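S.K.: Got chain A; can you put chain B on it based on the hints?
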Amino acid sequence: MTLTENLFENLRMELRRGCLTLAVLAQLKQEHYGYTLRKALAGRGMEIDESTLYPLLRRLETQGLLTSEWREEEKRNKRFYRLSSEGEEIFTRLLGEWNAINTAIGNLL
Amino acid sequence: MELLDRYLDAIKKHLPWKRQDDIVAELRANLEAQLDDKETELGRKLNDVEMEAWLKQIGSPIQVAARYQRQQYLIGPVLFPTYSYILRLVLSWVTVIYVVASVATIAAQGSGVEAFAGLSLVHVALRLPWIWLINAAITTFIFAAVERVSARYPSKVSPLQPVTAPWSPLDLEPVDTGDGDWAKPWSFAKALAEIIFGYVFFAWLLLVPHYPYLMFGPGAWYLASLPYKLAHAWWPFYWWVVVINGFELAWKTVDFASGGAWQKRKVWRNWAMHPLSLIPLGILLTAPGQALFLAKTAAANDAALAQANKGLHTALIIVVAVVVLQLLWNATKMGVEAYRKRVAA
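Chains as they are written, first to last, in numbering that gives the first Met the number 0: chain A, 0 to 108; chain B, 0 to 344.
Just so you know, these hints were derived from the structure itself, not from any lab. Please read these numbers as outputs of a predicted model, since none were measured by experiment. Incorrect hints may appear among the rest.
[Claimed, not checked] Incomplete in silico selection of chain B near chain A, CB under 10 Å:
{"id": "1", "residue": "Arg-18"}
{"id": "2", "residue": "Asp-21"}
{"id": "3", "residue": "Glu-25"}
{"id": "4", "residue": "Asn-29"}
{"id": "5", "residue": "Leu-30"}
{"id": "6", "residue": "Asp-35"}
{"id": "7", "residue": "Asp-36"}
{"id": "8", "residue": "Val-63"}
{"id": "9", "residue": "Arg-66"}
{"id": "10", "residue": "Gln-68"}
[Said to hold, decoys possible] Distance condition first, Cα-Cα at most 27 Å in a straight line; then the derived DSS-like pairs of lysine-lysine:
{"id": "11", "chain 1": "B", "residue 1": "Lys-251", "chain 2": "B", "residue 2": "Lys-332"}
{"id": "12", "chain 1": "A", "residue 1": "Lys-74", "chain 2": "B", "residue 2": "Lys-11"}
{"id": "13", "chain 1": "B", "residue 1": "Lys-44", "chain 2": "A", "residue 2": "Lys-74"}
{"id": "14", "chain 1": "B", "residue 1": "Lys-55", "chain 2": "B", "residue 2": "Lys-12"}
{"id": "15", "chain 1": "A", "residue 1": "Lys-38", "chain 2": "B", "residue 2": "Lys-37"}
{"id": "16", "chain 1": "A", "residue 1": "Lys-38", "chain 2": "B", "residue 2": "Lys-44"}
[Said to hold, decoys possible] A few chain A residues that don't get close to chain B, going by computed Cβ distances all over 12 Å:
{"id": "17", "residue": "Arg-11"}
{"id": "18", "residue": "Leu-14"}
{"id": "19", "residue": "Thr-91"}
{"id": "20", "residue": "Trp-97"}
{"id": "21", "residue": "Gly-105"}
Glycine included, C-beta positions come from ideal geometry on N, C-alpha and C.
Bound-form chain A, shown alone:
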């Protein structure tokens, strides 16, 4: 990987980091467990690695933005996540920020 590609990759990761949280919160208005959430996000063009998504879910739950419960589905125990009430409030505010940034970038380009 050349220096420019390396730099681009670092900046891309940085740019994506905040967007991933927003995408996960947006998708978890409906209940999902890890794998179906990953598939749902990928289906809408937001690919996330397993090793990034699953720990992110844990972190968001620890921060109180998600709630989870273990439930059996298709003979397997799975942990289902959904947005908490605090998560909904934070998501709305983050979405406002996202829209403002999007508009600003749009104005700049």
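M.R.: Quick look at chain B alone, frame taken from chain A:
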């Protein structure tokens, strides 16, 4: 499946022990569901090669487990600026205290100038990196502990805030040009006054040996009555002080007379004079027998005199050490500034 079990078991070993079962159970459910999808798509089970490639693509067990750690850094971005500032302060003060204490200890052992400049000093210098390392480690440990406690018990500890003292732009120091006060324009009146007072001081300096009361006042007669006298080393010391002052005064006079040079005090004149001050100090330091005061009579040659001479010698060593450190500090500052300017250019 066997490879997946081994993979999950390897991840488990690197997870926080309190949550490892829960995390592995969830990870297993997600990966097995993903595996089912893959196998349904292929219409058969994955072979070992495909399984290996898939698990490798997810990431090494250590990397995957690391993502589940609550804290992946020792000191976070909120605390780091304070940590960096405190670390620099600690290392600076530790260096000063260590060097002064070491030099004072060497001097107190009475091993003389040779030991001061010799092996003892080398020993002190060689130990300095260890002192830095230990103090940096202690400082880092304290900050890392604060960071960890704050991350581990977020409900019990108030969120970390950057440590900043109340400040106002008006309280900030004037811009340092790198030359300090010496770079400030010097008015004609100030330059003239400096030269006039310089000559008055020089005349006073020349008269002091003949009229000691000019320095000590009435105390001169009391000192004369004591059974002690100055050692011979004071004379070369005195004449070096005279020569250095005369040299500086002549330099200033030439600058003043050359027109316009008085408007800016010369930085390098200060630089030239500073090392010169080490010469008279060195003369006193190398006085024969380290004796700066002698007894006028054999009867006065007592333990109190020896103790006083030893104390003065120790004090001189400390003064020389401070002057040398100041010189090194200024030279380092100038070097760093010159390097910074060169890099910036």
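S.K.: It remains to establish, for every hint, whether it holds in the given structure.
M.R.: Taking the hints in turn, this is what the structure says about them:
no.: 1; hint: Arg-18; result: holds, 8 Å
no.: 2; hint: Asp-21; result: holds, 8 Å
no.: 3; hint: Glu-25; result: holds, 5 Å
no.: 4; hint: Asn-29; result: holds, 4 Å
no.: 5; hint: Leu-30; result: holds, 7 Å
no.: 6; hint: Asp-35; result: holds, 9 Å
no.: 7; hint: Asp-36; result: holds, 8 Å
no.: 8; hint: Val-63; result: holds, 5 Å
no.: 9; hint: Arg-66; result: holds, 4 Å
no.: 10; hint: Gln-68; result: holds, 9 Å
no.: 11; hint: B/Lys-251 - B/Lys-332; result: holds, 25 Å
no.: 12; hint: A/Lys-74 - B/Lys-11; result: holds, 23 Å
no.: 13; hint: B/Lys-44 - A/Lys-74; result: holds, 19 Å
no.: 14; hint: B/Lys-55 - B/Lys-12; result: holds, 18 Å
no.: 15; hint: A/Lys-38 - B/Lys-37; result: holds, 12 Å
no.: 16; hint: A/Lys-38 - B/Lys-44; result: holds, 21 Å
no.: 17; hint: Arg-11; result: holds, 18 Å
no.: 18; hint: Leu-14; result: holds, 18 Å
no.: 19; hint: Thr-91; result: holds, 22 Å
no.: 20; hint: Trp-97; result: holds, 22 Å
no.: 21; hint: Gly-105; result: holds, 29 Å
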